[in-house]
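J.: So you can see what is in the structure, the chains are spelled out below.
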Amino acid sequence: MGRIRILNDQVANQIAAGEVVDRPASVVKELLENSLDAGANRIRIEVEGGGRKLIRITDDGCGMNKDDALLAFERHATSKLRTADDLLNIATLGFRGEALPSIASVARVTLETAEPGSKAGTRIEIAGGKILHVDEIAAPAGTTIAVSDLFFNTPARRKFLRAESTELAHLTALVTHYALAHPEKHFELLSASHTLLSAPPVKKNDERIFQILGRDTHSQLLPVAAEMQLARAGLPEPPPWKRDPDVPAPVPGQLRLNGFFSKPELQKLNRNSIYIFVNKRLIRDRALLHAISEAYRNVIPPTSFPVVTLYLEMPPEEVDVNVHPAKTEVRFRQQQAVHDFVRDSLRTALVKARPAADFLSALDSAPTASPSLLPPAASHLPGLPESEPVRPDGAERFEGASQGTGNAARLPFSGPQHAVWNPSGLDSVPEFLVRASALFTQPLQPAAIQDSGQPSQDCSDDPFAAPPFSAGVQSPAPNLNALASLKPLGQLRESFILAVNEDGLWIIDQHVAHERVLFEKILRDRKVEQVERQRLLMPLLVELKPAQMVLFAQIADELEENGFEVEPFGPQTLAVKAAPVGLEGKQLERMLTQVIEQAGEDEARFGQREDMGTLRGRIAASIACHAAIKVNMPLDLKRMEWLLAELATTEHPTNCPHGRPIALNYSWKDIQKAFQRI
Amino acid sequence: MEITVSRQELLKELTATQGVVERKTTIPILSNFLLEAEGERLSLTATDLDQAIRTSAPVKVKKAGACTIPARRMYDYVKLLPEGEISIKLLDNHWVQIKSGRSTTKIVGMARANYPQVPEFPSVDAIKISAAALKTLIARTIFAISNEETRYTLNGALLVIKAESLAMVATDGHRLSFVEKVNEEIAGVSGEKRVLVPRKALDELRQLLAATAEATIDFADDEHTLYFRVGHRALSSRKLNGNFPNYEAVMPRDNTKFVIVSAAELGQAIQRVAQFADERSGAVRMKIEQNELKISSSSTEAGESEDTIDTPYTGDALTVGFNSGYMLDFLKALNNEGEVRLEFKDQQSAGQMRPEDPDAEYRYRYVLMPMRI
Numbered sequence: 000m001g002r003i004r005i006l007n008d009q010v011a012n013q014i015a016a017g018e019v020v021d022r023p024a025s026v027v028k029e030l031l032e033n034s035l036d037a038g039a040n041r042i043r044i045e046v047e048g049g050g051r052k053l054i055r056i057t058d059d060g061c062g063m064n065k066d067d068a069l070l071a072f073e074r075h076a077t078s079k080l081r082t083a084d085d086l087l088n089i090a091t092l093g094f095r096g097e098a099l100p101s102i103a104s105v106a107r108v109t110l111e112t113a114e115p116g117s118k119a120g121t122r123i124e125i126a127g128g129k130i131l132h133v134d135e136i137a138a139p140a141g142t143t144i145a146v147s148d149l150f151f152n153t154p155a156r157r158k159f160l161r162a163e164s165t166e167l168a169h170l171t172a173l174v175t176h177y178a179l180a181h182p183e184k185h186f187e188l189l190s191a192s193h194t195l196l197s198a199p200p201v202k203k204n205d206e207r208i209f210q211i212l213g214r215d216t217h218s219q220l221l222p223v224a225a226e227m228q229l230a231r232a233g234l235p236e237p238p239p240w241k242r243d244p245d246v247p248a249p250v251p252g253q254l255r256l257n258g259f260f261s262k263p264e265l266q267k268l269n270r271n272s273i274y275i276f277v278n279k280r281l282i283r284d285r286a287l288l289h290a291i292s293e294a295y296r297n298v299i300p301p302t303s304f305p306v307v308t309l310y311l312e313m314p315p316e317e318v319d320v321n322v323h324p325a326k327t328e329v330r331f332r333q334q335q336a337v338h339d340f341v342r343d344s345l346r347t348a349l350v351k352a353r354p355a356a357d358f359l360s361a362l363d364s365a366p367t368a369s370p371s372l373l374p375p376a377a378s379h380l381p382g383l384p385e386s387e388p389v390r391p392d393g394a395e396r397f398e399g400a401s402q403g404t405g406n407a408a409r410l411p412f413s414g415p416q417h418a419v420w421n422p423s424g425l426d427s428v429p430e431f432l433v434r435a436s437a438l439f440t441q442p443l444q445p446a447a448i449q450d451s452g453q454p455s456q457d458c459s460d461d462p463f464a465a466p467p468f469s470a471g472v473q474s475p476a477p478n479l480n481a482l483a484s485l486k487p488l489g490q491l492r493e494s495f496i497l498a499v500n501e502d503g504l505w506i507i508d509q510h511v512a513h514e515r516v517l518f519e520k521i522l523r524d525r526k527v528e529q530v531e532r533q534r535l536l537m538p539l540l541v542e543l544k545p546a547q548m549v550l551f552a553q554i555a556d557e558l559e560e561n562g563f564e565v566e567p568f569g570p571q572t573l574a575v576k577a578a579p580v581g582l583e584g585k586q587l588e589r590m591l592t593q594v595i596e597q598a599g600e601d602e603a604r605f606g607q608r609e610d611m612g613t614l615r616g617r618i619a620a621s622i623a624c625h626a627a628i629k630v631n632m633p634l635d636l637k638r639m640e641w642l643l644a645e646l647a648t649t650e651h652p653t654n655c656p657h658g659r660p661i662a663l664n665y666s667w668k669d670i671q672k673a674f675q676r677i
Numbered sequence: 000m001e002i003t004v005s006r007q008e009l010l011k012e013l014t015a016t017q018g019v020v021e022r023k024t025t026i027p028i029l030s031n032f033l034l035e036a037e038g039e040r041l042s043l044t045a046t047d048l049d050q051a052i053r054t055s056a057p058v059k060v061k062k063a064g065a066c067t068i069p070a071r072r073m074y075d076y077v078k079l080l081p082e083g084e085i086s087i088k089l090l091d092n093h094w095v096q097i098k099s100g101r102s103t104t105k106i107v108g109m110a111r112a113n114y115p116q117v118p119e120f121p122s123v124d125a126i127k128i129s130a131a132a133l134k135t136l137i138a139r140t141i142f143a144i145s146n147e148e149t150r151y152t153l154n155g156a157l158l159v160i161k162a163e164s165l166a167m168v169a170t171d172g173h174r175l176s177f178v179e180k181v182n183e184e185i186a187g188v189s190g191e192k193r194v195l196v197p198r199k200a201l202d203e204l205r206q207l208l209a210a211t212a213e214a215t216i217d218f219a220d221d222e223h224t225l226y227f228r229v230g231h232r233a234l235s236s237r238k239l240n241g242n243f244p245n246y247e248a249v250m251p252r253d254n255t256k257f258v259i260v261s262a263a264e265l266g267q268a269i270q271r272v273a274q275f276a277d278e279r280s281g282a283v284r285m286k287i288e289q290n291e292l293k294i295s296s297s298s299t300e301a302g303e304s305e306d307t308i309d310t311p312y313t314g315d316a317l318t319v320g321f322n323s324g325y326m327l328d329f330l331k332a333l334n335n336e337g338e339v340r341l342e343f344k345d346q347q348s349a350g351q352m353r354p355e356d357p358d359a360e361y362r363y364r365y366v367l368m369p370m371r372i
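Taken in order, these protein sequences are the chains called A and B.
If you're matching positions, the first sequence starts at 0 in numbering that gives the first Met the number 0 and goes up one per residue.
If you're matching positions, the second sequence starts at 0 in numbering that gives the first Met the number 0 and goes up one per residue.
Mixed in with the good hints there might be a few duds.
[As the list claims (entries may be wrong)] Quick list of in silico lysine to any residue cross-link-like pairs, SDA-like style, CA-CA up to 20 Å:
| id | chain 1 | residue 1 | chain 2 | residue 2 |
| --- | --- | --- | --- | --- |
| 1 | A | LYS520 | B | SER348 |
| 2 | A | LYS629 | B | GLU278 |
| 3 | A | LYS544 | A | VAL565 |
| 4 | A | LYS576 | B | SER348 |
| 5 | A | LYS576 | B | TYR226 |
| 6 | B | LYS344 | A | PRO538 |
[Stated by the list, open to error] Across the chosen pairs, the derived CB separations fall in these ranges:
| id | chain 1 | residue 1 | chain 2 | residue 2 | range |
| --- | --- | --- | --- | --- | --- |
| 7 | B | MET250 | A | ARG285 | 57 to 65 Å |
| 8 | B | ASN92 | A | VAL630 | 22 to 30 Å |
| 9 | B | GLN96 | A | SER484 | 51 to 59 Å |
Because the hints were derived from the structure by calculation, they are not lab data.
Note that beta-carbon positions come from the ideal geometry of N, C-alpha and C, so glycine has one too.
Could you put the whole structure together from the sequences, leaning on the hints where they help?
T.: Listed below in structure tokens is the structure:
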């Protein structure tokens, strides 16, 4: 008897804290969201000891009166929600009413708050869930919460905390991204005496990115913006006969997307650099990550990931955040629509931009703790026209300048030889770890000039100060649309085509260029089912393992559509009777085994069969790769001209279907600079 | 070694042999000629280790001996010398002096001892083959040899020697060219002898045959090597070992639909139409219908084109796609002369082209696989 008991509040809160608060960064997240929900415009976060010793967050939001302040520490007490219906329509970041009591149960918390216009503020001290003091104090409007000695009463939790620098890096990344999502608010993050982040309000996301991530990262990013009318919104409507005639049909909202994506040459080894905000809430969503990978498919290698920051806006009833206490998971009511929308918007933007890889950035593009990754001093860019996003061109032009400041004669070729595509390299460190650690040694300076109407010229001795930055005077960045105007000069080791135009010198990898041309042609032909196939005089026999024969059976139909006539010929042999034009002998055999092997790998890795689109792309890529001209193959000028002209007409002349870059541009400006002409 | 030779004689032999010498060889000695003087003759050897040509010229030998001279340099130099006697003398350190009239040159040679051993024509069992027949056989098959190096048995042509016929076959997997000279008495052959001759050997042989007036040549082979003797010149070549595909099996038997057209007319029509074919494949459609052969092509980039040739035909209509380049190769081998017969079965099966000439000495069949376009 009496074996089942109701837990006391203290225990319940500690259990809840287990889900909500697992590290200092999650405390900051909860408090930051509270501040944002309170309508604060200026948020200042101070941390000590990586947040274990102290987290103090000060805002100028709406504050609370004494009763509210006391109630706030009760479980399931919230101002953000009243009825269950509100759950369907959550416009605030928080809603569960769990955060404060959870935090208060595992730390010593001091809350100071005052409503604007009230006579006195309130101060509450709590330790381990017990209220120690409640006082009236003099306080400015807004709320200050200080959380010290996190996990002082839960040693198990404390043991799982990582090194101070790791926790600080998480925390910094978090704050940085909330700052990115709210450009109109002022964010400050201080660790002990350092300023880690200082972001005065700006008008546009774009400026915020420049402000926080710095010129170099910014120059690698391209803007994207798109909008879609949703066909319907919210819960499915009841059938007409049950509908209440007085209630107007809900207006379907808009699905809006804006953000930034990296040029294909900037590649990361994990998804840590992909940030997705839905209605300003930072989330992780598999479907959206997949949509981004899909957009970059055949543009960057399948093992690499781009840098993407996306802001999605949709009617609140379209997204359910009540999935997990940490609220990083969401459910979309129309997941497929959102997925396709993100994929298509990104893809379109990628196709349109056709960014040309810059020679210097291609050499240096691996993420290292080089100065180029330091966020430069915050600078405000008010002079830009509202309609036009800051084009990366301008910044790109100055790249050489910033890197060469200390060493004017530095030859561009002597830069670190990081290949762009470097899956085995050391750049697996999450970018923000690198950035955060760099921050310790290089505190940010507050913006020198914030509202003078002029582009800010940092007057500090920061060598990475932003140069005068105005969109008007820049000539457009080398863009691959210029490919058609290229004049080939010759070949480098019979492998790379050297060509020139007004923009400077271009180096084009002949194999991948041809591969891209063929790839798109094959996909085009495939779409209209006009694949030209050549029958073989004698069937080509390809030996396979038994498991591969099974895989072959799965993709046989698609191979057939691509111009193969392949039949099983005995238990472990395939007989190829016809093949797409251009594939012969050994290449044909290799291509076929490769496609079948990869089908197996994918199945083993993801536990599911790839969809037809992916398979189609993969087969086309494989055919293209094996049929394309190889390196070490002499080409005459006419063929080079033909290849460049064909390349210019492709959709993605930037990268081959496997993601390697096709063309590098060594701009006229860089050449002049290297020869100290300017 | 010291000799005197007429420039004309020497140049003739240099021209015949220099083709074998590899331009970009990694073994320096292979870019040299080997000159050996003995009795009243100078023998000249060039090799790239796969093929070798050995020839000789009458000379006045003052002192017997041997030397090597860079082939390209010597050939170019002798070409520029005026008509007359040339004296060649080996100096110290493998230098070779060439004197003609008032021109004197010393060329840096290499040690004779380093020159590889070249296989000698075996003294027994030579088969006599008609030079003219072999010439035709090579000309009509060599273009169908595969350029793809991985399937090495296709990098040569199969020579089939029987007591009463001589045949040659070449294929690249998409088309096959077979030509046979029947009623050819070949002594010393019992049953059938099949050898795979590499493309380069065929090229050299073709040149040797073009430069000779002899009616027959000698042929012999051993385990690794093929030998051809054309007059006083001998070509030896490494044999291609391996199984040539079973060509008899792929020859179409029941291609009952056929048209007969002029080779010249067909060639011109294909050339015109192929301008508008897909750049990579050069695919054209051949359509036979009531008393007409229609040749057409189309590509999304270039446009489309059609040519019609009138020819008697009463069977069912049929459209088959082919690589235009392959068809033009065949017509070119016939010098675009005479009439050709195009034989089809259906869209999927091999088509066949052959010259329409009832009393031809050569049975020539050209099989090509269709394309689906």
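J.: All the hints need checking, so say for each whether the structure fits it.
T.: Hints, one by one, checked against the model:
1. With a C-alpha separation of about 27 Å, the suggested pair LYS520(A) and SER348(B) falls outside the 20 Å cut-off, and the hint is violated.
2. At most 20 Å may separate the alpha-carbon atoms for a hinted pair to count; LYS629(A) and GLU278(B) meet this at roughly 18 Å.
3. Under the criterion of a C-alpha separation no larger than 20 Å, the hint pairing LYS544(A) with VAL565(A) is consistent with the structure, at around 16 Å.
4. Taking the CA atoms of LYS576(A) and SER348(B), the gap is about 11 Å. The hint holds against a cut of 20 Å.
5. At roughly 37 Å between alpha-carbon atoms, LYS576(A) and TYR226(B) are farther apart than 20 Å, so this suggested pair is violated.
6. About 19 Å separates the Cα atoms of LYS344(B) and PRO538(A), which keeps this hinted pair within 20 Å; it holds.
7. The hinted range of 57 to 65 Å is satisfied by MET250(B) and ARG285(A), whose Cβ atoms lie roughly 58 Å apart.
8. Separated by about 42 Å at the C-beta atoms, ASN92(B) and VAL630(A) break the suggested range of 22 to 30 Å.
9. Our hint of 51 to 59 Å for GLN96(B) and SER484(A) holds, since their Cβ atoms are close to 58 Å apart.
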